[in-house]
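Trainee: Hey, can you work out the whole structure from these sequences and the hints?
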Amino acid sequence: MSPLVVSITLFVLALLIGVEVIGKVPATLHTPLMSGANSIHGIVIVGVVIVAAEANSPLAYVFVFLAAILGTMNVVGGYVVTDRMLEMFKSSKPAKTSDEDKREEAGK
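Positions 3 to 110 (my numbering) are the ones given, in order, by the sequence shown.
For the record, the hints were derived by calculation from the structure and aren't laboratory data. Here a beta-carbon is modelled for each residue, glycine too, at the ideal position from N, C-alpha and C. You can take every hint at face value.
Here are the simulated distance ranges between beta carbons:
no., residue 1, residue 2, range
1, SER59, MET87, 35 to 43 Å
2, TYR63, THR11, 13 to 21 Å
3, GLU22, GLY79, 18 to 26 Å
Mentor: What follows is the structure, given as structure tokens:
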């Protein structure tokens with residue numbers, strides 16, 4: 003088999019396994035898993051850089067470009083979602099200043 007056929011076969015198998023794994027995760031767990039997905043997609047981007055160094059055909063460059071764009075979108079999106087999730091747990095009350103603390107203590 004040619005290296006291109008092997009690469010495309012591995013790509014399709016990775017897609018099928020990824021869809022199968024993510025499809026079994028309940029929707030309520032998708033947001034907490036974004037941090038884990040960030041690290042996995044970071045590894046994908048490192049793999050893209052390694053593959054790009056050895057790419058020698060226009061089709062390989064297309065796949066490298068697509069993998070880099072999609073991996074980067076997932077990393078950025080994961081950080082955005084994680085940031086929003088962490089914002090939900092922050093207190094919405096403004097912090098008291100030291101002047102307010104002194105007035106409260108004096109009034110007691």
